[in-house]
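Trainee: Kindly generate the complete structure, drawing on both the sequences and the hints.
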Amino acid sequence: MPKQPVCQILWLEEQQTYQLLRNGHIECCFVQGSEPPAWFQFLESQTSFAFQGRAGRLSIIKEARPRGAGYWYAYRTAGRRTTKRYLGSSSRVTIARLEKIARELYQVQSEERDTPPLLLTRLRPPRLSASLLDRPHLLQRLDSASRQKLTLLVAPAGSGKTTLVNQWLQTRDHAVAWVSLDRGDNDVFRFWKAVITASQTLQPGLGRASLEDLSRSLQPPFIAPPLETSLSHFINDLAQFSRPGLLVLDDYHTIEEPRIHEMLAFFLEHIPPHFSVFLLSRTEPIQLPLLRWRARGDISELHHTDLFFSQEETAHFLRQALSTSLSEEALRRLHETLQGWIAGLRLLMLSFPASSQATEKSIEQALASLDRPLQDYFVTEILKTLPEPTQHFLLQTSVLSRLNGPLCEAVTGIENGAAQLKAIAQAGLFLEALDETWYCFHALFAEAMRREATIQLGEEALRRLSLQASHWYEHNALPMEAIETALAGHDFERAAFLIEQINQEGLLNELYTVRRWLECLPEPLLHAHPELCWLAALTLQVPENKTAPSAPIQERTEALLQRAEQANMPAGHITALRALIAWQGDHFSEALHYAQQALPLLPPVEQPSSLQMWRGMCLFIISVGHLYNKAFTEARTALLEAYTYGLATNHRHFTDGLLLLIGFCSYTLGDLYQAYEYYQQALHGARDQQNNEIAARSLLGMAGITFMWNNLSLAEQQTNEALALAGNEHPDIRDEATLQLAQIAHACGHLTSAQQQVSVVLARLQLQTTVQAAQKRRHVQIYAAQLSLQIDDQETVNRLLLANEPHDQDEALLFGLLRARLLLAQQRVHEALQQLRSLVSLAREWPFALEIHILYALVHATLQEEQAAQQQLQQALELARNAGIVRPFLAEGEPLAQLLRHLLPTLQEPTRSYAKILLRAFAQAANKETSSAADQLIEPLTPQELSILRLLATGRSNQEIAQEMVISVNTVKYHTRHLYRKLGVNNRLQASKVAQHLRLI
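1 is the number of the first residue of the sequence shown in the UniProt record's numbering; add one for each residue after it.
No lab work stands behind these hints: they were computed from the structure.
Bear in mind that the values here come from a model prediction, so they are computed numbers and not experimental data.
A few of these clues could be false.
[Stated by the list, open to error] No farther apart than 30 angstroms at their CA atoms in a straight line, the calculated lysine-lysine pairs in the DSS-like style are these:
1) K149 / K100
2) K776 / K630
3) K422 / K384
4) K973 / K993
5) K149 / K84
6) K100 / K84
7) K982 / K993
8) K916 / K982
9) K630 / K100
Mentor: Given below as structure tokens:
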């Protein structure tokens, strides 16, 4: 059974039309609202296709039914979730409906991607108490501090750091993003996803591209920008935010991961001037470059001596809390003992029952009790004074980091969880409201209760309580918390089951966290779950600082994969992972071997799933193998299928990179118009993702094509934009762009400028010692030698040829063509002819073949062998005609123009019209063509556009033209718009007049 062609419907913004591509070839075009019969014929012939419209990307799949032709469904994958929507029969599937569904699914998934309620409590400040002490001097300190890049609040637990910053924010009009950190945030990707998600409270959509980058960084094949690039995009978004902004990172002392400290330092070094960061921590974050920032005056600091109450504030606090006043001596004694420690004062107040009246004697007694360890004080003076049901409730819920009513009911078995939490909060028992339903204990109280719960209830009971919480989290769609509490409850079998479950549902994208989970599982249990062995091996492949995995990690990976194989894990997944591992280790032959093995074991699937991602990765590796072998047709076919799978899994960076390669293949195969479209798509995607590297490479691809079309001004504009985007971060792009500018300068007659730019690139390459740099240097030297021939500097060319031997087939062609040009310049024509004959069998790609045909024609013309010269030139025209290539002909100047003029009367259409276009370009270059209309014809018409132009001039309608050319009406309209633009006209009459003037018809 033949393989189904890969089909895509792509929206082209510039053309305002939808393009149907089948196996990379443009089949026809459609306009929304007027689908022709060809659209519905296309639907009837397909079972699936990719749709990339204005509103987003969809996978469109026809699901078979026992009776009838089946029904269409639309799938959209974003982040962790794939959403499905029923479309119906083919008669109901229109472009307008696909766009509507794409918009609706985007909206649904935007809502589904909204942060879960439990995480939301970490991304907003806790609720403030109704009775707070006014501290204007500290609020003023924070006013001044907010003008600094970083404000550091370092003080022990219970010093009022969070309350002070929260209180300040309530009285100021600051746009704030708040993150309450915990131990689980020691995952660099999870940390930054929390920060960026919190920042979206400043402005919806802020950091969207960075969030997508972070998600894709942890998805095989781990092709995504470096973390620094993703953060740079986020910083750029912050720079566009008009108001002053503030990021608060609470409990930063919980962060131990060095990579997070490193990236936070990078972030702080580059944030815009109107944005600042507050770090709240129990300890000084010595991993950050604090000394450098202090020396530069970029940091403001508040410590416990600033935050603790003064004696006056202590007195004010006591007056609010107690119904009696204390003597100055008692206040002094109290202040000396507690030294203004705010949590200590709260503890002291809790030791007095609400019904009793504090006296100086009772306060003295309470102060004396504070000399005991804090744990004892909490238990004796606070916990044991509470009713026994409340004590039991607090001890049981101590296993929870955040609490709400239903969760507490599931853990404790009581029926009034929400009311109990509200009563405890109102009693001031160190329970803080996070929002209307969620609470958390103050850190000091939580630690004391957990210790006491261990003593009173025992480890086994606490594990049982954690497991009850795990079941509640699972049933309330909080899988991450369900796994964490299962691990805390030491139910490793349950944790393994939950990890497998969410992996199968495609919900795992925090591989650092998954690695930590799997490391908690006993080894025998891990070995009993082949899928988890495979997953553990995968988590070990997450790139860290772009370094290859260490030898112990490689050994561990191999052991895990062997165990997965022994336990009958599906071979496709194992082999695909081996391909990925080899690819990351730069063992390409091994990667290609495994990818070829894996592909038949990973059956094609239409519904989006992890299989699509692995198939896409294997196809990508296989396509690179085809590229190495110069099998560009096969490479493009594999890349197009990989692109379809990439679209289905919404891996934007991967698909944009694939578009570059598809464009390159199309260019090398001579499909320049298609190549240009692919580069344009990659450029649009890269700009949307703020990916400067892919944008720059796309622009360079487009510039190379517009240069071939002889649109020198556009080529120069595109190259300069690529150069600006590349900056100093991508020296290879910078060098390629500089060489392109040299070619443009040469084409414009500025030979000295071209030589200067080539010299700059050569100087940079001389400083590099890699094999790749040496190869590139030789290629640039060949181009420099071609420029030298323009001023008849034959000695320089001869020295280069004598000093170098070709290292591969491409170099053999480049050096051979240079030698042929030198021989021709030296009038050694027969030797030049012999040299060209030796190159013919090597020239498999059109640029080489075209140059050989052109040089052949010039050599035969020099020998006055007119028939042979015309034959070679006609072959060159046939090779270049469909791609609209102009520049290689113009580069040879008047000798080739004269030969073309002699050949013109013998040519048939459409080659004859193409030859006329070239002759006009020659005349234009020589300032012999003065027609303003001809001046506008910078870009030649394609053969199909010429055919349509002739039929337009006869007065035929679009429908008649479509019937005669066997294409759709939409395709006629598409090409008509293009030829109008190229001719500089707006209607048929104008087109006919200009065409007659230019002798196109």
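Trainee: Now tell me, hint by hint, if it's right for this structure.
Mentor: Hint check results:
Between the alpha carbons of K149 and K100 the distance comes to roughly 45 angstroms, so the proposed pair goes past 30 angstroms and is violated. Taken as a hint, the K776 and K630 pair is honoured in the structure, with Cα atoms around 18 angstroms apart against an allowance of 30 angstroms. Restraint check for K422 and K384: the C-alpha separation of about 20 angstroms stays at or below 30 angstroms, so the hint holds. For the hint pairing K973 with K993, the CA-to-CA distance comes to about 19 angstroms; that is within 30 angstroms, so the pair holds.
Restraint check for K149 and K84: the C-alpha separation of about 45 angstroms exceeds 30 angstroms, so the hint is violated. Straight-line distance between C-alpha atoms of K100 and K84 comes to about 14 angstroms, which keeps the hinted pair within the 30 angstroms bound. The suggested pairing of K982 with K993 holds, with an alpha-carbon distance near 14 angstroms, which does not exceed 30 angstroms. Straight-line distance between C-alpha atoms of K916 and K982 comes to about 15 angstroms, which keeps the hinted pair within the 30 angstroms bound.
Proximity of K630 to K100 is assessed by CA-CA distance (about 42 angstroms); at most 30 angstroms being required, the pair is judged violated.
In this structure, the earlier hints numbered 1, 5, 9 are contradicted, and the remaining ones agree with it.
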